[in-house]
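Novice: Chains as they are written, first to last, in our numbering: chain A, 1 to 305; chain B, 1 to 388.
These are computed hints drawn from the structure, not numbers from a lab. In this text, all values refer to a predicted model and were calculated from it rather than measured experimentally. Wrong hints could be hidden among the right ones.
FRET-style restraints, in silico, Cβ to Cβ [unchecked claim]:
| # | chain 1 | residue 1 | chain 2 | residue 2 | range |
| --- | --- | --- | --- | --- | --- |
| 1 | A | Gln299 | B | Thr201 | 45 to 53 Å |
| 2 | A | Thr133 | B | Asp182 | 51 to 59 Å |
| 3 | A | Arg190 | B | Arg127 | 29 to 37 Å |
| 4 | A | His288 | B | Ser212 | 44 to 52 Å |
| 5 | B | Ser175 | A | Asp160 | 50 to 58 Å |
| 6 | B | Glu184 | A | Gln299 | 57 to 65 Å |
| 7 | A | Glu10 | B | Trp197 | 19 to 27 Å |
| 8 | A | Thr155 | B | Ser375 | 52 to 60 Å |
| 9 | A | Glu90 | B | Arg127 | 52 to 60 Å |
| 10 | B | Met176 | A | Asp160 | 49 to 57 Å |
| 11 | B | Asp49 | A | Asp261 | 57 to 65 Å |
| 12 | A | Glu156 | B | Met176 | 55 to 63 Å |
Ideal placement from N, C-alpha and C gives every residue a C-beta, glycine not left out.
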Amino acid sequence: MALKNLPREEFLFPGAAACPGCVGCLSLRIALKALGKETILVIPASCTASIEGYFPKTPFNVPVLTIAFEAGAAGASGVSAALKRLGKDETNVVVWAGDGGTYDIGIQALSGAVERGTHFIYICYNNEIYSNTGIQRSGATPFGAWTTTTWTGKTEHRKDLPRILMAHEIPYLATASASYVEDLFRKVQRAKTIRGSKYIEIHIPCAPGWRFPMDKTIEIGRLAVETGAWALFEYENGELTFNGRSKRILEGQVEPKPIEDYMKTQGRFRHLFEPRRDEERLTEIKRHLESDWARFRKQVQLQTA
Amino acid sequence: MTVMMDTGNRIAAKAAQMAKPEVVAAYPITPQTVIVEEIARYVQSGQLDAEYICVESEHTVMTASIGASATGVRTFTATSAHGLALMHEMLHWAALARLPIVMVNVNRTLGPGWSIWADETDSVAQRDTGWIQFYCSGNQEIFDTVIQAFRLAENREIQLPVMINYDAFILSHTSMPVEIPDQEAIDEFLPKFKPFWQLDTDNPITHGNLVSEDDYMDIRYGMHLAHENAKKLIPEIALEWKETFGTYHGGLIEEYRCQDAEFIIMAMGAIGAEAKLSVDNLRSEGHRVGLARIRVIRPFPNEEIQRIGRGRTLIVVDRNISVGSGGAVFTETKSALCGLNDCRVYGFVAGLGGRDVTYEDLADMTRKVMNNEASETEWWDLKETGGA
Numbered sequence: 001m002a003l004k005n006l007p008r009e010e011f012l013f014p015g016a017a018a019c020p021g022c023v024g025c026l027s028l029r030i031a032l033k034a035l036g037k038e039t040i041l042v043i044p045a046s047c048t049a050s051i052e053g054y055f056p057k058t059p060f061n062v063p064v065l066t067i068a069f070e071a072g073a074a075g076a077s078g079v080s081a082a083l084k085r086l087g088k089d090e091t092n093v094v095v096w097a098g099d100g101g102t103y104d105i106g107i108q109a110l111s112g113a114v115e116r117g118t119h120f121i122y123i124c125y126n127n128e129i130y131s132n133t134g135i136q137r138s139g140a141t142p143f144g145a146w147t148t149t150t151w152t153g154k155t156e157h158r159k160d161l162p163r164i165l166m167a168h169e170i171p172y173l174a175t176a177s178a179s180y181v182e183d184l185f186r187k188v189q190r191a192k193t194i195r196g197s198k199y200i201e202i203h204i205p206c207a208p209g210w211r212f213p214m215d216k217t218i219e220i221g222r223l224a225v226e227t228g229a230w231a232l233f234e235y236e237n238g239e240l241t242f243n244g245r246s247k248r249i250l251e252g253q254v255e256p257k258p259i260e261d262y263m264k265t266q267g268r269f270r271h272l273f274e275p276r277r278d279e280e281r282l283t284e285i286k287r288h289l290e291s292d293w294a295r296f297r298k299q300v301q302l303q304t305a
Numbered sequence: 001m002t003v004m005m006d007t008g009n010r011i012a013a014k015a016a017q018m019a020k021p022e023v024v025a026a027y028p029i030t031p032q033t034v035i036v037e038e039i040a041r042y043v044q045s046g047q048l049d050a051e052y053i054c055v056e057s058e059h060t061v062m063t064a065s066i067g068a069s070a071t072g073v074r075t076f077t078a079t080s081a082h083g084l085a086l087m088h089e090m091l092h093w094a095a096l097a098r099l100p101i102v103m104v105n106v107n108r109t110l111g112p113g114w115s116i117w118a119d120e121t122d123s124v125a126q127r128d129t130g131w132i133q134f135y136c137s138g139n140q141e142i143f144d145t146v147i148q149a150f151r152l153a154e155n156r157e158i159q160l161p162v163m164i165n166y167d168a169f170i171l172s173h174t175s176m177p178v179e180i181p182d183q184e185a186i187d188e189f190l191p192k193f194k195p196f197w198q199l200d201t202d203n204p205i206t207h208g209n210l211v212s213e214d215d216y217m218d219i220r221y222g223m224h225l226a227h228e229n230a231k232k233l234i235p236e237i238a239l240e241w242k243e244t245f246g247t248y249h250g251g252l253i254e255e256y257r258c259q260d261a262e263f264i265i266m267a268m269g270a271i272g273a274e275a276k277l278s279v280d281n282l283r284s285e286g287h288r289v290g291l292a293r294i295r296v297i298r299p300f301p302n303e304e305i306q307r308i309g310r311g312r313t314l315i316v317v318d319r320n321i322s323v324g325s326g327g328a329v330f331t332e333t334k335s336a337l338c339g340l341n342d343c344r345v346y347g348f349v350a351g352l353g354g355r356d357v358t359y360e361d362l363a364d365m366t367r368k369v370m371n372n373e374a375s376e377t378e379w380w381d382l383k384e385t386g387g388a
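Isolated chain B, as found in the complex (with noise of 0.2 Å):
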């Protein structure tokens, strides 16, 4: 074990080689580019055996991905915003042909106006594609994060697609120090891609050919059991790492002084990381404040948020937004716990854009509601023309 101390992107690049694709399909984008830049980096430099296709587009970049997952290699990409948005289609596509491909998503914000700054409605607008998605609240994370991916994605309960998401600089750019294992280790928790199918001309199979109204929905329910079983896994990967390797960051949720609170803030991504002073404070001035942060958005964790919402106050907190609806995590939460009549749930969101999200903020937001003085959805931190 070597302590590394680098930023997100080079910690996810790290790991990224350290599991070994075959194949990596790339294209820049700020702020992921440090991230196919390291990658390149590493292939040229002789620290990872694989094939470096340096494409025109994201949209190639999933394509190519696809095509090389369909030939029964490990496949690595990574991607951002705009970069994620024009890959959609593919998304789609890669999810329903049940290949494992992992990939970083630094979350930023989408145009008009151009903006690079944190935002996670590039990656919660793709939330119905059949992709898992992590949301990682520290380099540690995102380094044990993207290893684990490759186990679950490949794992034959699942063959699915896995998205890994971070805030863009408030993550990508900073500086941690991360524990990096041996790479025996890392070989022992991730043995070599065994793919589930592939093209093969020993075998020659007709992949994604006319699929008639009598088959089509049952490869969708296939999809909905492998999000189903994620369920399970995903925590049992996490366990099993926190066993070989010591670092742990929760299952489905990290769950944060939780046990005996009366009000709970939920978030996603660095702001989890964030709402964890928030509640060290609200807690020295007596108040019983948890967090849950959300490291799972799909499969979305409806059991565990129905055991944790009982009998409390949650405070949702969303750094992302669907336009005429709510913040993505206040808006499943609410429908996850529908029927339930002893937990209040209040949405904030906050921090589109890259706007900045303090304890201070998330320590006022929790305060406003156990005064009694917050709307069951709230625009935090507005300015006086705010949508003018």
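Same shape as in the complex, but just chain A (with noise of 0.2 Å):
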């Protein structure tokens, strides 16, 4: 769907406290048009949690149960189970977590409930920070990235969460990106369709905690999916799919830009390049990197054979 197209009716209004240029605003409002009005959103500790505003004041114009930091899925279970009992199955349950509430400390919560085919959307909007605390490293940060509790670059590569996710043979899972709000709207639709459990992430750039200028939000987003840092696909019935300039990159249509021209944007990444470029580091994140697209290629070439 074109942007101009997109509903109107707004479920996120104005006034929300987040950063200026937060572009996790901008994919929960994209979202909730997707959604609609019969949409309950469980949102565990995250920056979002903290712009909700102060009570008795709302940005939300939908039900909103705020929930403890590795809680999001378990209240998630809950309320589509009372939702059942109820009659209003046809209600969407919706946790938009970040990625420490994901990856870390939320990640039993929502194996258990995807395990047990829990009806709910659990959307991770994911700016691969604890940057609610003020930015600290979490299992989404990438390899060498600087945080607050890695002053000189993570040490380890990100966890695979979908691939996690995937094990559990949920229904649908889609990768998305601010920066390409048309494809979001339309993941976000599909997820609304399917019964069971779907798992939607969203790559999310963050001023403040990723250090560039926030009018570059946008910019940096479709460079991380321009790169392959971020890739764009849908797994759905067990098959994996790939969108957009992701599907190019990885039929080889199109070269992915030099990584180095996203890392290159971002204060995070300085320490890799000055005062003087740091081979080994950068030479081991051009080598993830490939694997990564080494192995998304065999995957969906074992799935044509």
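Using the supplied hints, reconstruct the complex from the two chains, each of which is provided in its own coordinate frame.
Specialist: Shown next, in the form of structure tokens:
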């Protein structure tokens, strides 16, 4: 759907206390347009939980259950069960959680809920850090990135959570980006139509957390996809398909841009380039990226074989 | 009315089934497991029309119960010891969200070392979470209290979660005959749940967002007032039950032969049942002894204890310990009686980790106090190597 044709109705009003240029808010606004009025949000501790604003005011035009950090999928399990009892099974139960609440502290509840086939959509807005507590490393932080708990750069690669969820045989999983809102809108709409557990992960460049000017957020999100640092794909009925630019990269129709073009836009990687290039770590980043894409290609080839 | 001869756990599950919860999130833990097994059987055999969520931890049990209750349906669950400890964060959450979840906790020892026997420290450690807490002394009381707990929790003046505690194995795995009223009579006593607030797409509210320092304290005060209201409502509901069904176990406190007593034993749970025998025996020896069995520790029955304590000597027996302070009922009783000069209070810590506390033990504690041989606080029945 073209941007101009997105529903006009708003479920996230202006006035939320987010940082200027926050595409987490933008993505939530788009996701809520796709979800519509019949939606209950469950929001664990995260930036979004703190931008809800002060009681008794709220920028949300759908019901919200704020819940503890590790408890998003658990809270949604209860909401979903109760809605079934009330005959309101068509209401969307949606967890909106950050990468800390998803990859790390919330993974047990998420795994349990998906294993039980809980009828809900879990959306992880992934800005690759604990941003709400002030930029600490998470399981989603990429190798080499500066955070306030990895001052010289993270020494491990990020966890591959989508693969963990695919191992649960989740009915629907998708990755998305705040810079590709039509794709995001379509994926949330798709998730709505499927029974059982759905997982969508949105890549969210974070200006204060990644150290870049706030007016560059959309650009940097695009660069992540164009360089292959972030891949847009969908997984449904056990089949993996790539979307848009990521599909063209996968099929070799277009060369990914050099990863350094993406990294150099962000202060969190500056120490890999200044005062001198850190060839060892840059090589490791490229090696890991290539192995990711080699695995993607192998998986898609296996499906078509 | 029928009579069911069964264990505390199966009686608790039967009460839960008759209260008709719509969502039960469950996780097994010894010695509670039988309850969630029984409820699964009730649901899967069509004897309870509810959603049963077999979750992956007790933290999720409480969180899913919060989600379900917030969506507007009656919610029941059960746990014990480490399970209750794992829920701790969400116990606060349920109470602050004013959700009338009812939960059975089978009092069991916390590790290490691993032990599954009776000890109240698990639930006593949750006193500050805002939950109303009952302690039962027999299986009839377990049945009656579970049903009454829903009435209490769902009352507009209360709107708080309720925990019903009883001793591991001593009650959970001991069969006793229990009078079970007809379902219609239970339905009349406990009408369908009408939520005070709920997640509703036609009336979207944001629950649990930021609360300023200007508002938070007033929310806490609201909970405190609800506990004050519970002090009136718990005895009222118990009396209404007595009039309707005939069984009665006391209000906040069960008083037994207290009227002319000089010495009063105070205890909770199964020790409170055992103590009746000690009272009878001591009375037959000519001592004026009574029993005040604490049924409710939150709200704490300060006023009742002030009335009972006046001019008497209290012998408080705690199967729980706040290490570095003392037994919970003892320290709170002392606090309730602060300033009353005509009352003496002795505290015995006994039966931790399931060590047996017999009617003879309780009589011996009382004799020790009567003979002026007791210290203000004592650990009862320690081995000679105790503390080594």
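Novice: Determine for every hint whether it applies to the structure shown.
Specialist: Hints, one by one, checked against the model:
1. One distance hint, 45 to 53 Å for the beta-carbon pair Gln299 (chain A) and Thr201 (chain B), is violated here, with the actual separation near 39 Å.
2. Under the hint 51 to 59 Å, the C-beta atoms of Thr133 (chain A) and Asp182 (chain B), about 55 Å apart, fit the expected range.
3. Under the hint 29 to 37 Å, the C-beta atoms of Arg190 (chain A) and Arg127 (chain B), about 49 Å apart, miss the expected range.
4. Judged by the Cβ atoms, the range 44 to 52 Å given for His288 (chain A) and Ser212 (chain B) holds: they are separated by roughly 45 Å.
5. Checked against the given bound of 50 to 58 Å, the beta carbons of Ser175 (chain B) and Asp160 (chain A), roughly 53 Å apart, stay inside it.
6. Taking 57 to 65 Å as the suggested C-beta distance range, the pair Glu184 (chain B) and Gln299 (chain A) conforms, at roughly 60 Å.
7. In this structure the hint that Glu10 (chain A) and Trp197 (chain B) lie 19 to 27 Å apart at CB holds, the actual value being about 24 Å.
8. Range check, Thr155 (chain A) to Ser375 (chain B): about 58 Å between beta-carbon atoms, so the 52 to 60 Å window is met.
9. For the pair Glu90 (chain A) and Arg127 (chain B), the supplied restraint of 52 to 60 Å is violated, since their beta-carbon distance comes to about 42 Å.
10. The hinted range of 49 to 57 Å is satisfied by Met176 (chain B) and Asp160 (chain A), whose Cβ atoms lie roughly 55 Å apart.
11. Evaluation of the 57 to 65 Å hint for Asp49 (chain B) and Asp261 (chain A) yields a pass: the beta carbon distance comes to about 60 Å.
12. At roughly 57 Å, the beta carbons of Glu156 (chain A) and Met176 (chain B) sit within the given window of 55 to 63 Å.
Hint check: violations occur at hints 1, 3 and 9; the rest are consistent with the structure.
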